[in-house]
Amino acid sequence: MHNQTTFLSAIRTALGETPNIERSKSTFPKLFAAPDTAETLKKIRSRTVTERNELVKILLHNGNTLNISSHIVESLPEAADLVVELIRSTEPEFNYTKHVIMHDHPDIAALELWKRFNREAVTLHTTFSRDRQITDKTIASFIGITAPTIGVADSATVIQLTEPGRPRSTSLLPSLHIALLRRENIVADLAEAYALLRQKSHLDSFVFISGPSKTADIEAHMVYGAHGPRELHLIVLAEPELEK
Amino acid sequence: MSAKPQSQYCRDAQKGMGSPRLQASLHSLQNRFGKGAMTLWAEMDDQDMRRRVKQSRMKNLDHLDILLAELAKKVRARGGHVHFAENAQDAIDYTLEVARKNEVKRVVKGKSMLSMEIAIDSALQEAGMEVVETDLGEYIIQLADDKPSHIIAPCIHMDRSRIGELFTEKLGINYTDDPPSLTAAARKALREKLLSADMGLTGCNLACAATGHISLVSNEGNIRMATTMPPVHVALMGMERIVATLDEHRETVQLLTRGAALQKLSTYVSFVGGPSTSDDPDGPKEFHLVIIDNGRSKILADPEFREVLACIRCGACLNICPVYGRIGGHAYNSPYCGPIGAVITPLLDGINKHADLCKGETLCGACKDICPVQIDLPRMLAGLRQKLAYGSDRWNTKQHNPLEAYAFTLWRQVVSWSPLYRTGLKIARLCQRPFVGKNSMIKRMAGLASGWTDGRDLPPIAKKTFTEIWQKKHATAEVKLPMATKEDNNA
Ligand code: SF4
Numbered sequence: 001m002h003n004q005t006t007f008l009s010a011i012r013t014a015l016g017e018t019p020n021i022e023r024s025k026s027t028f029p030k031l032f033a034a035p036d037t038a039e040t041l042k043k044i045r046s047r048t049v050t051e052r053n054e055l056v057k058i059l060l061h062n063g064n065t066l067n068i069s070s071h072i073v074e075s076l077p078e079a080a081d082l083v084v085e086l087i088r089s090t091e092p093e094f095n096y097t098k099h100v101i102m103h104d105h106p107d108i109a110a111l112e113l114w115k116r117f118n119r120e121a122v123t124l125h126t127t128f129s130r131d132r133q134i135t136d137k138t139i140a141s142f143i144g145i146t147a148p149t150i151g152v153a154d155s156a157t158v159i160q161l162t163e164p165g166r167p168r169s170t171s172l173l174p175s176l177h178i179a180l181l182r183r184e185n186i187v188a189d190l191a192e193a194y195a196l197l198r199q200k201s202h203l204d205s206f207v208f209i210s211g212p213s214k215t216a217d218i219e220a221h222m223v224y225g226a227h228g229p230r231e232l233h234l235i236v237l238a239e240p241e242l243e244k
Numbered sequence: 001m002s003a004k005p006q007s008q009y010c011r012d013a014q015k016g017m018g019s020p021r022l023q024a025s026l027h028s029l030q031n032r033f034g035k036g037a038m039t040l041w042a043e044m045d046d047q048d049m050r051r052r053v054k055q056s057r058m059k060n061l062d063h064l065d066i067l068l069a070e071l072a073k074k075v076r077a078r079g080g081h082v083h084f085a086e087n088a089q090d091a092i093d094y095t096l097e098v099a100r101k102n103e104v105k106r107v108v109k110g111k112s113m114l115s116m117e118i119a120i121d122s123a124l125q126e127a128g129m130e131v132v133e134t135d136l137g138e139y140i141i142q143l144a145d146d147k148p149s150h151i152i153a154p155c156i157h158m159d160r161s162r163i164g165e166l167f168t169e170k171l172g173i174n175y176t177d178d179p180p181s182l183t184a185a186a187r188k189a190l191r192e193k194l195l196s197a198d199m200g201l202t203g204c205n206l207a208c209a210a211t212g213h214i215s216l217v218s219n220e221g222n223i224r225m226a227t228t229m230p231p232v233h234v235a236l237m238g239m240e241r242i243v244a245t246l247d248e249h250r251e252t253v254q255l256l257t258r259g260a261a262l263q264k265l266s267t268y269v270s271f272v273g274g275p276s277t278s279d280d281p282d283g284p285k286e287f288h289l290v291i292i293d294n295g296r297s298k299i300l301a302d303p304e305f306r307e308v309l310a311c312i313r314c315g316a317c318l319n320i321c322p323v324y325g326r327i328g329g330h331a332y333n334s335p336y337c338g339p340i341g342a343v344i345t346p347l348l349d350g351i352n353k354h355a356d357l358c359k360g361e362t363l364c365g366a367c368k369d370i371c372p373v374q375i376d377l378p379r380m381l382a383g384l385r386q387k388l389a390y391g392s393d394r395w396n397t398k399q400h401n402p403l404e405a406y407a408f409t410l411w412r413q414v415v416s417w418s419p420l421y422r423t424g425l426k427i428a429r430l431c432q433r434p435f436v437g438k439n440s441m442i443k444r445m446a447g448l449a450s451g452w453t454d455g456r457d458l459p460p461i462a463k464k465t466f467t468e469i470w471q472k473k474h475a476t477a478e479v480k481l482p483m484a485t486k487e488d489n490n491a
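So the protein sequences, as listed, match chains P and L. Numbering-wise (this note's numbering), the first sequence opens with residue 1 and increments by one. Numbering-wise (this note's numbering), the second sequence opens with residue 1 and increments by one.
Hints were generated in silico from the structure; no laboratory data involved. Any given hint might turn out to be false.
Cut-off 20 Å, straight-line C-alpha distance, at most; resulting in silico cross-link-like pairs (EDC-like, lysine to aspartate or glutamate) [stated by the list, open to error]:
no.	chain 1	residue 1	chain 2	residue 2
1	P	K25	L	D62
2	L	K285	P	E231
3	L	K188	P	E163
4	P	K30	L	D349
5	P	K42	L	D62
Covered stretches of chain L (in silico footprint by chain P; criterion: 3 or more residues with CB under 8 Å from a CB of chain P, positions within the stretch not fixed) [as the list claims (entries may be wrong)]:
no.	stretch
6	134-148
7	205-216
8	222-228
9	273-279
Quick caveat: nothing in here was measured; it's all calculated off a predicted structure. Just so it is clear, CB atoms sit at the ideal spot from N, CA and C, and this is done for glycine as well.
Bound-form chain P, shown alone (with noise of 0.2 Å):
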């Protein structure tokens, strides 16, 4: 702490104040002073399905020009039948059996995909926390499916949290990334995403991506697939609203 003390004592010296009288945050209110989310955080709750379809459209939209490969689909069984497809018509990468890692969320299971490939060679893995063998699974996997919990409509973003059961890897290591959007957690703008966020800013990592992975530092020539996953295939499930 010795060295913060002096660090910090030479900013106010640089500053003009009184080098060692250290300046609490509760004199100066206005500075961490945020605007009030209340407004936002009902306007994202009270958004009407028409008004959510027309920000999946404009997710689609803007995705579309960042290489997002987006799908929108009605039922779980159906993002099933996309997830196989892909699963099957890609190759592997780094290796030559298909692994597929999968982050541990409710909507991802209720995919069950396990029952979907009988008679091929398809490994399937959940990221339990218990599981000490993650990050080698992940390493291995060519696929890694996670659920999101916001979308941003205007920049075309999906904002991953790390939480138990959902580690980063998942969305970073495999080839492919994809990433299963419910409509309802689709919101406008980075405004009312970061209200969203606030919520959830006492986690210690989480990460915005707004597409594939990508590089242009060879003579500026676009290659997707820098680092991370060169495909982002992002469905959206937009389950039909019952009739009130």
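Assemble the complex: chain P is given as a structure, and chain L with the ligand must be docked to it using the hints.
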């Protein structure tokens, strides 16, 4: 070429101007990103955003001690370590100590200019560690044992065939100059390094005090890798790279990615606020945040230059600067090139030592126009020149060229006494005659003056001065003008 000795700056600048590859890359880069950013700013719905963010950046600088203390508190509460490093050596020593304790053999790096500023790589290597850059551009630079020449596009001066040869030599792949194949080769080689590294070393784009996170932007995913796979993560942060609240973060990070590459957001924006929790299978088990001063508090203390600490290092000013656009990044001889480099390098590393940088820029003002946070770099460039012209105790700067200062004093006397000035002009007109070429321009001058004509032709001194022409043409009108002004003044 003239006979007089040239500075390193001039030599590197000439090298840059003589490289067709670099010229083509710079041209297309500026065309796309420089012009693109200007259009983006003009068309942005929220026209007040840049001013707002600038204001918050300045406000945060005024309260930097409070913000840093809050950030440190929050990070420590999550089990992270925070070290405040007064200078480069301190930061290096701390990082070496962390590496030693964890028996680190391989370090993977996320792109960080601060790491270059403090020259930490060589220190780690001397201690026996392998240091691997993982950003593709930086990796290529490292393989070639070269220096980056752009903040965002480090190997913009290299063409694909050079990179192909390099990969054949260093990675042992069959020669190709196809960017996707080259990227795939690097992806494979670096994945191995990233998965087996003992420590990830990154910078910090923006920290958020209220929540206690650092955030890092990348398109490749290498920074996510470097902060996820190795058991130890050390983040180097310039002390000014902090915002107070998440709201400020939202606006600032968007200006950063727009300024850098016209993106609403980069592909990845990762937030890290401490080591991973015990039941996470990945993420670092140890997180160290090293907050670095290394000359910044001195800049903070000077109201004339404090503004430069509001910089978010987006690199946009490089994409529009007419000087950078010709000479490229190497001439700046600093991790920070372009207009921002021309201001920050002398301030961090000595104004006399880097005298050429502020003199080389043109003060055209384009960098201020494009800067997402509207930093007045031209004003500060002029300020630095002023320090060089008159010397400055505060900045420990000697008068750069006493002879030049003496010449200007003489000049002042000449121009303020018109008979002398006119006579001088006449003599100069006579003297210039032998030098005027076929195109009626002066192609070459002698002695010291030759520097003016090395790279261009100069127009000769006109036969008549403007005043002479004016007096002749408006001899009659002249009488009226002052009277009209007089009346105005009286009214
Ligand atoms: S001075 Fe402005 S434009 Fe240049 S790098 Fe800094 S923030 Fe970007």
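Query raised in the report: What are the numbers of the hints the structure violates, in ascending order?
Result: Result: hints 2, 3, 4 and 5 break, sorted rising.
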